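**Q** Generate the whole structure from the sequences, applying the supplied hints.
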Amino acid sequence: MIELKNICKEYHSGGAVKALKDVNLKIRPGEFVAVMGASGSGKTTLLNIIGCMDRPTSGEYFLGGCKVDTASAGRTARIRGKKIAFVFQHFALIEDYTVLENVMIPLLKQKIPQKDRVKRALKALEQVGIADLARKKAADISGGQKQRAAIARATACSAEIILADEPTGALDSESGRQVMDLFCRLNKQGKTIMLITHDANIAAFAHRVITISDGRIIKYEKN
Amino acid sequence: MKIIQLAIREIKRKKLFSALLFAVCTAAMYAVLSAVTNGAATAYQEKIFNENIAADMVRVLRLDYHTSFETEDFAGVIQQYLRYIESIPGVQSVGQFDMTGMYFSQLKDSEKYMQINKNAVKGTKYENYPVITQLLCADESVLKLFKGGVGGYEKYDEGILPLYAGRIFEDILPPGTLLTDERTGQSYKIAGYIPQGAVWADENDPVRFPLISLDGCFLSPVSGQSRQDIITQLSMLHNTYIFLEGDADVKQVKKQVSSWPAQHGFSASANLLSEECMAYRAETEMYTQANAFLAIFVLIMAEVCVVSVFMTNILLKQKQYGVFMAGGFTHWDIAAEIWAEIMIIAAASGVVSWTVKLVQLKTGDDMFKNILLAAHLRFALPACAGVVLVMAAVSAFLPAIKILKYQPARLTGGTSGND
Chain A
43 MIELKNICKE YHSGGAVKAL KDVNLKIRPG EFVAVMGASG SGKTTLLNII GCMDRPTSGE
103 YFLGGCKVDT ASAGRTARIR GKKIAFVFQH FALIEDYTVL ENVMIPLLKQ KIPQKDRVKR
163 ALKALEQVGI ADLARKKAAD ISGGQKQRAA IARATACSAE IILADEPTGA LDSESGRQVM
223 DLFCRLNKQG KTIMLITHDA NIAAFAHRVI TISDGRIIKY EKN
Chain B
15 MKIIQLAIRE IKRKKLFSAL LFAVCTAAMY AVLSAVTNGA ATAYQEKIFN ENIAADMVRV
75 LRLDYHTSFE TEDFAGVIQQ YLRYIESIPG VQSVGQFDMT GMYFSQLKDS EKYMQINKNA
135 VKGTKYENYP VITQLLCADE SVLKLFKGGV GGYEKYDEGI LPLYAGRIFE DILPPGTLLT
195 DERTGQSYKI AGYIPQGAVW ADENDPVRFP LISLDGCFLS PVSGQSRQDI ITQLSMLHNT
255 YIFLEGDADV KQVKKQVSSW PAQHGFSASA NLLSEECMAY RAETEMYTQA NAFLAIFVLI
315 MAEVCVVSVF MTNILLKQKQ YGVFMAGGFT HWDIAAEIWA EIMIIAAASG VVSWTVKLVQ
375 LKTGDDMFKN ILLAAHLRFA LPACAGVVLV MAAVSAFLPA IKILKYQPAR LTGGTSGND
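First to last, the protein sequences are chains A and B.
Counting along the first sequence from 1, when you hit position 182 you're at 224 in this note's numbering, and nothing is skipped either side.
Counting along the second sequence from 1, when you hit position 331 you're at 345 in this note's numbering, and nothing is skipped either side.
Any given hint might turn out to be false.
Said to hold, decoys possible - Heads up, simulated PhoX-like pairs for lysine-lysine below, C-alpha to C-alpha not over 20 Å straight-line:
1. B:K139 to B:K376
2. A:K47 to A:K261
3. B:K158 to B:K169
4. B:K268 to A:K161
5. A:K47 to A:K63
6. A:K151 to A:K178
7. B:K383 to B:K132
8. A:K178 to B:K26
9. A:K179 to B:K416
10. A:K124 to B:K16
11. B:K383 to B:K28
12. A:K68 to A:K125
13. B:K333 to B:K419
14. A:K153 to B:K16
15. A:K63 to A:K230
16. A:K109 to A:K125
17. A:K157 to B:K16
18. A:K179 to B:K376
19. B:K136 to B:K416
20. B:K29 to A:K151
21. B:K16 to A:K151
22. B:K28 to A:K179
23. A:K151 to A:K124
24. B:K26 to A:K179
25. A:K230 to A:K165
26. A:K161 to A:K151
27. B:K16 to B:K26
28. B:K28 to A:K178
29. A:K161 to A:K179
30. A:K124 to A:K165
31. A:K153 to A:K165
In case anyone wonders, no lab produced these hints; they're calculated from the structure.
If you're wondering where the values come from, they're calculated on a predicted model, not measured in any experiment.
**A** This is the structure we're talking about:
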């Protein structure tokens with residue numbers, strides 16, 4: 043269970059900017075939530091706070107019943123490593139790593155033998171249909187393939203929560219649909235998915251759509 | 015382990031940068047190692063001298079001969095001069111020595127002798143001439159200059175001089191063996207052996223030059239013929255030592271030692287061994303300081319270079335670090351990876367420069383080779399390890415601080431504003 047209570051986030055870059063204002067949100071395990079909103083509305087900030095990639099300025103954040111907003115950097119790193127996986131905007135693959143090496147990144151901090159790491163990464167690549175590209179450099183594959191590799195990286199570590207920031211933003215409609223099919227399949231396997239999108243058609247795949255405007259959640263809709 | 019593997023991978027990824035950094039670090043490390051080796055060698059040389067000197071250095075003067083009008087009877091003038099010095103109040107004794115290469119008629123065809131001597135003169139100017147015997151001719155009074163050697167001669171007459179051989183010749187030259195100097199016809203009789211490990215001063219300078227081993231040498235009193243030979247006498251004049259009484263007026267003795275030659279057509283003075291040591295220390299300190307300054311300057315330049323490259327890297331690799339942190343890496347893991355990267359490059363450059371310096375010293379024919387080698391092996395290696403650690407720590411500090419300042423979200427580029 044993800045629970046945010048009165049979360050605020052302020053940035054101080056050339057004056058104080060309130061990115062999130064009193065955000066309250068509960069996401070149940072296994073839920074598929076889409077977050078919509080205009081550019082600069084605070085969607086990515088919300089995703090980063092949920093993913094323990096950033097800290098709220100005020101408010102409380104509970105993950106699986108544990109308070110994480112005040113947890114140490116080491117503990118939040120462990121939470122990220124074990125429970126949360128990310129699919130970043132524009133894939134965020136390391137271009138001169140192979141696809142396999144990229145997928146193995148979240149497994150590096152796990153205490154498993156290298157052989158098993160490779161096995162798990164290959165299995166994740168198989169699930170997204172690009173196991174044959176494992177030894178190719180990330181720079182040498184197409185945008186759709188890169189996004190699949192990014193999803194494989196998110197699934198390889200068996201995290202319960204997958205956070206995706208505009209995963210179809212850089213893809214054509216066919217590739218976007220295939221990626222969404224993958225997310226649906228992962229959600230059916232029990233993963234909690236939170237996805238940011240501008241596209242209402244993509245949001246339609248989710249159980250619930252949250253709309254953010256000017257740092258506040260202004261709409262909760264069920265599909 | 016994973017951190018080191020990642021660091022190695024990063025080094026391999028940035029081959030050109032890594033190669034440049036390696037070159038810069040190697041140059042800096044080489045400068046540091048040279049400064050350490052040279053500095054340590056001079057200190058080591060001084061330490062060895064102090065450990066081996068048996069005489070009280072504030073009670074021993076060494077004659078410094080400057081110029082002369084070397085007349086035919088100059089050898090006689092020198093003998094008069096030595097007798098005069100001996101008569102100065104406060105002077106206990108005067109002694110000289112001369113190190114010379116010579117042939118013993120009985121040994122020049124001896125295979126066994128040449129075999130042993132070949133090993134003894136290895137690395138010296140006599141390396142290719144094992145038939146030449148190294149003979150130290152020394153007055154009995156100077157034998158007390160260094161520890162561990164022959165204490166005194168047995169009674170002798172000028173006809174057959176007592177000869178003390180290095181222990182390595184003991185098996186082929188039993189006591190009583192008679193030997194003849196092929197050039198002068200002077201006879202010698204083996205009277206004993208020089209204790210293993212005994213050392214003596216280099217004839218050029220006892221303080222500035224490394225002490226020489228007497229293990230492969232022979233020792234005998236100065237012959238009467240040598241005292242009449244102008245060449246030998248001129249050579250020995252530089253190696254004349256004046257031993258003073260405990261209550262001697264050093265200033266007055268020095269004054270008298272230098273005034274007599276002025277009246278006899280040449281110039282000479284005397285300095286205490288302790289003064290020569292101080293002069294040597296002052297010279298080497300200046301040289302060592304200049305070397306250290308240069309090494310530190312080069313090291314700082316290398317540090318600036320490494321830090322700049324890594325700071326730029328951090329800007330270029332922000333997203334990559336963010337991805338790693340999203341995968342469970344902490345700020346400290348990233349900082350450790352940067353440190354490991356620098357450490358590997360610095361360590362590799364340390365090993366290479368240390369080895370290059372070692373090979374240079376081993377293959378070179380520097381007369382301080384042994385001292386330099388000993389200093390390099392004893393002091394340069396730990397200094398090298400220290401410099402590598404400091405270099406890596408200092409170079410990693412700023413990049414690590416930069417990384418520690420960022421939230422992971424900032425690194426992935428997710429938030430710089432309010433999206």
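**Q** For every hint, state whether the structure bears it out.
**A** Hint by hint, here is what the structure shows:
About 16 Å separates the Cα atoms of K139 (chain B) and K376 (chain B), which keeps this hinted pair within 20 Å; it holds. Taking the CA atoms of K47 (chain A) and K261 (chain A), the gap is about 17 Å. The hint holds against a cut of 20 Å. For the hint pairing K158 (chain B) with K169 (chain B), the CA-to-CA distance comes to about 17 Å; that is within 20 Å, so the pair holds. Simply put, K268 (chain B) and K161 (chain A) have alpha-carbon atoms about 88 Å apart, too far for the 20 Å limit, and the pair is violated.
Only pairs whose Cα atoms come within 20 Å are accepted, and K47 (chain A) paired with K63 (chain A) is accepted, the gap being roughly 11 Å. This hinted pair does not check out: K151 (chain A) and K178 (chain A) have alpha carbons roughly 23 Å apart, beyond 20 Å. For a cut-off of 20 Å, the pair hint linking K383 (chain B) to K132 (chain B) stands: about 19 Å separates their Cα positions. Restraint check: the Cα-Cα separation between K178 (chain A) and K26 (chain B) comes to about 17 Å, which is no more than 20 Å; the hinted pair holds.
Taking the CA atoms of K179 (chain A) and K416 (chain B), the gap is near 29 Å; set against the 20 Å cutoff, the hint is violated. A C-alpha spacing of about 17 Å is found between K124 (chain A) and K16 (chain B), which places the hinted pair at or below 20 Å, so the restraint holds. With a C-alpha separation of about 39 Å, the suggested pair K383 (chain B) and K28 (chain B) falls outside the 20 Å cut-off, and the hint is violated. Under the criterion of a C-alpha separation no larger than 20 Å, the hint pairing K68 (chain A) with K125 (chain A) is consistent with the structure, at around 17 Å.
Only pairs whose Cα atoms come within 20 Å are accepted, and K333 (chain B) paired with K419 (chain B) is accepted, the gap being roughly 15 Å. For the given pair, K153 (chain A) sits about 11 Å from K16 (chain B) by alpha-carbon distance, which is consistent with the 20 Å threshold. For a cut-off of 20 Å, the pair hint linking K63 (chain A) to K230 (chain A) is broken: about 32 Å separates their Cα positions. Simply put, K109 (chain A) and K125 (chain A) have alpha-carbon atoms about 14 Å apart, close enough for the 20 Å limit, and the pair holds.
Taking the CA atoms of K157 (chain A) and K16 (chain B), the gap is near 14 Å; set against the 20 Å cutoff, the hint holds. In summary, the hint linking K179 (chain A) to K376 (chain B) is not supported, as the alpha carbons are separated by about 47 Å, beyond the 20 Å threshold. As the CA atoms of K136 (chain B) and K416 (chain B) are separated by approximately 58 Å, the hinted pair breaks the 20 Å bound. For the hint linking K29 (chain B) to K151 (chain A), the alpha-carbon distance of about 26 Å lies beyond 20 Å, and the restraint is violated.
A distance of roughly 8 Å separates the Cα atoms of K16 (chain B) and K151 (chain A); the hinted pair therefore holds under the 20 Å criterion. At most 20 Å may separate the alpha-carbon atoms for a hinted pair to count; K28 (chain B) and K179 (chain A) meet this at roughly 15 Å. For a cut-off of 20 Å, the pair hint linking K151 (chain A) to K124 (chain A) stands: about 9 Å separates their Cα positions. With a C-alpha separation of about 15 Å, the suggested pair K26 (chain B) and K179 (chain A) falls inside the 20 Å cut-off, and the hint holds.
A threshold of 20 Å between alpha carbons decides the hint, and for K230 (chain A) with K165 (chain A) the separation of about 18 Å falls inside it, so the pair holds. Between the alpha carbons of K161 (chain A) and K151 (chain A) the distance comes to roughly 16 Å, so the proposed pair stays at or under 20 Å and holds. A C-alpha spacing of about 15 Å is found between K16 (chain B) and K26 (chain B), which places the hinted pair at or below 20 Å, so the restraint holds. Restraint check for K28 (chain B) and K178 (chain A): the C-alpha separation of about 19 Å stays at or below 20 Å, so the hint holds.
Between K161 (chain A) and K179 (chain A) the CA atoms are separated by roughly 18 Å; this keeps the pair inside 20 Å, and the hint holds. A threshold of 20 Å between alpha carbons decides the hint, and for K124 (chain A) with K165 (chain A) the separation of about 18 Å falls inside it, so the pair holds. Proposed proximity of K153 (chain A) and K165 (chain A) is supported: the alpha carbons are some 18 Å apart, at most 20 Å.
Consistency with the previously given hints fails for numbers 4, 6, 9, 11, 15, 18, 19, 20, ordered from lowest to highest.
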